[in-house]
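**Q** Sequence:
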Amino acid sequence: MFAFEQLNPLLFFILLICVPGETNRPNVVLIIADDMGWDDVSFHGSNQILTPNIDLLAYTGVALERYYSHSVCTPSRAALLTGKFAHVTGMQGYPLTNGEDRALPITEKTLPQYFKEVGYSTHLVGKWHVGQSRVEYLPTSRGFDSHFGHRGGYIDYYEYTLLEEWSIGQVLGLDLFRNLTPAWDVEGYITDIYTEEAKSIISTHDVSKPLFLMLAHNAPHSANEGAPLQAPPDIVRSLRHIELPQRRYYAAMVKKLDDSVGDIVKTLSKKGILDNTIIVFISDNGGITSGISVNYAINWPLRGLKMSPFEGGIRVNGLVWSKNLTEGEHLWRGYMHVSDWLPTLSSAVGLDPPPNIDGVDLWNSIVSNKESKRDVIFEINDYTGFMAIISDDYKLVTGVVPPDYSNHQGDIFRGIIGTSPSYEKAIRNSATYTVLSDIGISFQMNDTNLRNEMKVSCNVNRLMSEICYPKNGTWCLFNIKEDPCELKDLSSTHPNIAAKLFSRLETEMKRLIPRKVPHETNLYAAPSLHNYTWDIWYPIKQTS
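With mature numbering (1 follows the signal peptide of the UniProt record, and there is no 0) as the guide, the letters of the sequence shown map in order to residues -23 to -1, 1 to 521.
Quick caveat, the hints were computed from the structure, so don't treat them as lab data.
Hints are not guaranteed to be accurate.
Claimed, not checked - DSSO-like mimics (lysine-lysine), calculated; alpha carbons at most 30 Å apart, straight line:
1) Lys247 x Lys176
2) Lys465 x Lys477
3) Lys493 x Lys448
4) Lys243 x Lys493
5) Lys350 x Lys432
6) Lys247 x Lys432
Stated by the list, open to error - If you anchor each label on the Cβ, the simulated ranges turn out as follows:
7) Pro210 x Ala476: 51 to 59 Å
8) Ser118 x Asn436: 23 to 31 Å
9) Gly392 x Gly268: 39 to 47 Å
10) Asp369 x Leu500: 23 to 31 Å
11) Thr484 x Asp211: 52 to 60 Å
12) Gln223 x Asn436: 21 to 29 Å
The C-beta atom is built at its ideal place from N, Cα and C for all residues, glycine as well.
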């Protein structure tokens, strides 16, 4: 694969020497799916849910085979924004609730702040979820020129409310804002609304500046208890080849997400800036097949769900696309972590990655198909009490893992009635296929062989009692290259490897900043005190 500087030496030279405010830096569009499973994109081999727009970005860009994130949303977004593992900023563990006075420390510099300093227009559409009780915690105080979206973990797809269970009972409030103002005037399906907002930002963008747009979708996260799966009825009915109704509703949510990706690609092309835009698509963590906030996503055959340190919780969907990446290999097998995006994207746009972060600059490794520079990945949750480390081919898990989220789930939801829809037809009818043809990127259906290379196959028909769960101070050691489904414990046959990894974990734990206990709800956050919105509430206004 050609490196970026090899494809366009003059542009690369300009990127290296340009000063803030110049127009030659690439635009960056970062699209985040929420609680999307490994088996929920068709470029990983699924025939049940077809995602042609996402797939085409992988086929003509670079699919990230071993992309890792944190196992829940607040930690993964904190790591993305700071380039640091969540446990060194105190953001690890259970995600923020809307009633907490807790946030990503304001001493941490964020990705949009770095980009804004060199002249980028920076915009966030969609989910924030790293602090909302104070104005200084909000996106527009952390580097974004604008924010339209929800500040908490999720919202209803039509009413834009979030429901929480407090000691006083259930509380409900609107969690959709345009900058600092509640967005009472909005109507429609939230995936469509976020897409239209992102399209408007692109269409009206002043091209004298580079654009950084983060589109953090609500989809396919579940909505409030009582109506967790929500999608337009016509989309649901078009997916009648999917056997079980839970999965059919979920698939419709993913279908709308994939359509959104196609619309964004089309809008970038229409604006005339696609040729100089880097597009990233990632999931924030693994899917949640059962349990809290279930949406019936599937990580099969990977082991574990969201909230667990096993592969299904942290090995997630990822790709990067640019017109300059369309030659050579389209699959990169190196390790990458969510904290790597800050230095990697900084390098991609000609900035020196900041020092003293955990993230690794992998841009040249990805575009030149070289070995990854990342040598270790940590997943640490001091609230639940588990720790995991990945290094080379091995992964060690220890501590207390949530058993209901740490097994193999989802196979029962993969049923298809009759024959699944034509994948080739879905590809050719997609918006991205048309755009790629228009900009001279040829694509043949045999290029979809990447699906076979990315597909994970394991014999998971084993009793739960035969699979290692760490307990009473024991370890579970897996060779995740040979055993990606974490079926065979090697701690007794490779004790030296296990001991070495555990020692490194112990060293890393010395860097941990203990997090506050979750659910420290403050009653002053109650939406009923703020016109039934989840608005800022600190400092507390005392009443006489």
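**Q** Now, for every hint given, state plainly whether the structure supports it.
**A** Evaluation of the provided hints:
1. Distance restraint check for Lys247 and Lys176: the Cα-Cα separation of roughly 10 Å lies within the 30 Å cut-off, and the hinted pair is therefore satisfied.
2. Restraint check: the Cα-Cα separation between Lys465 and Lys477 comes to about 19 Å, which is no more than 30 Å; the hinted pair holds.
3. A C-alpha spacing of about 24 Å is found between Lys493 and Lys448, which places the hinted pair at or below 30 Å, so the restraint holds.
4. Restraint check: the Cα-Cα separation between Lys243 and Lys493 comes to about 44 Å, which exceeds 30 Å; the hinted pair is violated.
5. In summary, the hint linking Lys350 to Lys432 is supported, as the alpha carbons are separated by about 24 Å, within the 30 Å threshold.
6. For the suggested pair Lys247 and Lys432, the alpha carbons sit about 34 Å apart, so the restraint of at most 30 Å is broken.
7. For Pro210 and Ala476, the hinted distance range of 51 to 59 Å is satisfied, since their beta carbons lie about 56 Å from each other.
8. Restraint check, Ser118 to Asn436: a C-beta distance of roughly 51 Å breaks the suggested window 23 to 31 Å.
9. At about 21 Å, the beta-carbon gap between Gly392 and Gly268 misses the expected band of 39 to 47 Å.
10. Taking 23 to 31 Å as the suggested C-beta distance range, the pair Asp369 and Leu500 does not conform, at roughly 49 Å.
11. Restraint check, Thr484 to Asp211: a C-beta distance of roughly 55 Å satisfies the suggested window 52 to 60 Å.
12. The hinted range of 21 to 29 Å is satisfied by Gln223 and Asn436, whose Cβ atoms lie roughly 26 Å apart.
The structure is inconsistent with the numbered hints 4, 6, 8, 9 and 10, although it conforms to all the rest.
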